[in-house]
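Trainee: Start counting the sequence shown at 1; every next residue gets the next number (this note's numbering).
Warning: the hint list may mix true and false statements.
Simulated DEER-style distance windows between Cβ atoms [to be verified]:
1. Gln199 with Ser238: 49 to 59 Å
2. Asn260 with Ile44: 20 to 30 Å
3. Tyr24 with Val86: 19 to 29 Å
4. Ile262 with Gln63: 48 to 58 Å
5. Gln75 with Ala111: 49 to 59 Å
6. Pro183 with Ile134: 32 to 42 Å
7. Ser61 with Gln188: 19 to 29 Å
8. Pro131 with Ile258: 11 to 21 Å
9. Ile50 with Ala111: 39 to 49 Å
10. Asn114 with Ser238: 46 to 56 Å
11. Gln63 with Ala111: 14 to 24 Å
12. Leu57 with Leu186: 27 to 37 Å
If you are wondering where the hints come from, they were derived from the structure by calculation, not from laboratory data.
Please read all numbers here as calculations on a predicted model, not as lab measurements.
Using N, Cα and C, we set each Cβ at its ideal position, and we do this for glycine too.
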Amino acid sequence: MAQDLRPLGEDSPGYFNLALPKRYNFDKIFAIAAWVAIFFGLVILAVLLIDVFFDGLPRLSWQFISNPPSRKPLQAGIFPPLIGSVWLLVITAMVSFPLGVGAGIFLEEYATDNLLTQIIEINIANLAAVPSIIYGLLGLQVFVRWLEPITNGRSILTGALTLSLLILPIIIVATRESLRAIPNSLRQAGYALGATRWQVIREHIFPLALPGILTGTILALSRAIGETAPLITIGALSFITRPPMNPQDPFTALPIQIYNWI
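Produce the entire structure from the sequences given, and follow the hints as far as they go.
Mentor: Next up, the structure:
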């Protein structure tokens, strides 16, 4: 029996039409549901932001920003807590960013896969989920009591170091994930040209991973600047009329001030 070698066409008995619209109905429904969920979330966020903006704008004034807290509501301001929060944010970033990025680079690019490295990785992942008040208790014992000659006890430096411990695991994990997303072909291309491991990381890998690292760092700092429990635990003041002038001064912060007002 002779075999028909002609190409299949729509009129051929063996033709199989791959364009079956019903096969993709579920994909279309899922895509529509995803877009609806995204739109719903954005609408809720926009409504909250607009409500806060228009509700707070009439109450915002230079007097409110520049005055210290007061028992008289019309004279109360946020200047000392605002300066304290700025101090905390700057020192926390200066401590946590280099340590977190350096630890992430070492664990991802230099450390060998052994039992010790696996234990460290597991503990870092677990530390990211520890309640913030635990870090406050740790800071109370280590920075307030043991290192009081250096930190001056209940000071901005103590608060910043405590918050640095809080966000270090987040920055380390973000750094590792950003480095892991870079293709190995870039590393091997650098090695093939005679570059050392550090040269490859510095000139090729780190610049490409930097946007992801900065995103993780900003999110971590956002969490740190909004924390209240660890600052109260280490002894941050709830009322102060003078802004802190150096890292060893007593302080308060905006989250604590908001907590007192509410």
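Trainee: If I claimed the Cβ atoms of Gln199 and Ser238 lie 49 to 59 Å apart, would that claim hold in this structure?
Mentor: holds (51 Å)
Trainee: Is it true that the C-beta distance of Asn114 to Ser238 lies inside 46 to 56 Å, as the hint says?
Mentor: For Asn114 and Ser238 the Cβ distance comes to about 48 Å; the hint holds.
Trainee: Do the Cβ positions of Gln75 and Ala111 conform to the proposed distance bound of 49 to 59 Å?
Mentor: holds (56 Å)
Trainee: Given the hint of 14 to 24 Å, is the C-beta distance from Gln63 to Ala111 inside that range or not?
Mentor: violated (54 Å)
Trainee: Tell me if the beta carbons of Tyr24 and Val86 are separated by a distance inside 19 to 29 Å.
Mentor: violated (53 Å)
Trainee: Take the C-beta atom of Pro183 and the C-beta atom of Ile134, compute their distance, and say whether it sits inside 32 to 42 Å.
Mentor: holds (38 Å)
Trainee: Given the range 48 to 58 Å, decide if the beta-carbon distance of Ile262 to Gln63 lies inside it.
Mentor: violated (21 Å)
Trainee: Does the Cβ distance between Asn260 and Ile44 fall inside 20 to 30 Å?
Mentor: holds (29 Å)
Trainee: Can you let me know if the beta-carbon spacing of Leu57 and Leu186 is within 27 to 37 Å?
Mentor: At roughly 48 Å between Cβ atoms, Leu186 and Leu57 fall outside 27 to 37 Å, so the hint is violated.
Trainee: Could you see if the CB distance from Ser61 to Gln188 stays within 19 to 29 Å?
Mentor: The hinted range 19 to 29 Å is violated for Ser61 and Gln188, with Cβ atoms some 60 Å apart.
Trainee: Should the hint that Pro131 and Ile258 are 11 to 21 Å apart at their CB atoms be regarded as holding?
Mentor: holds (20 Å)
Trainee: Quick check on a hinted range of 39 to 49 Å for Ile50 and Ala111, using CB atoms only.
Mentor: Since the Cβ atoms of Ile50 and Ala111 sit about 47 Å apart, the hinted range of 39 to 49 Å holds.
Hint compliance for this structure: hints 3, 4, 7, 11 and 12 are broken, all remaining hints hold.
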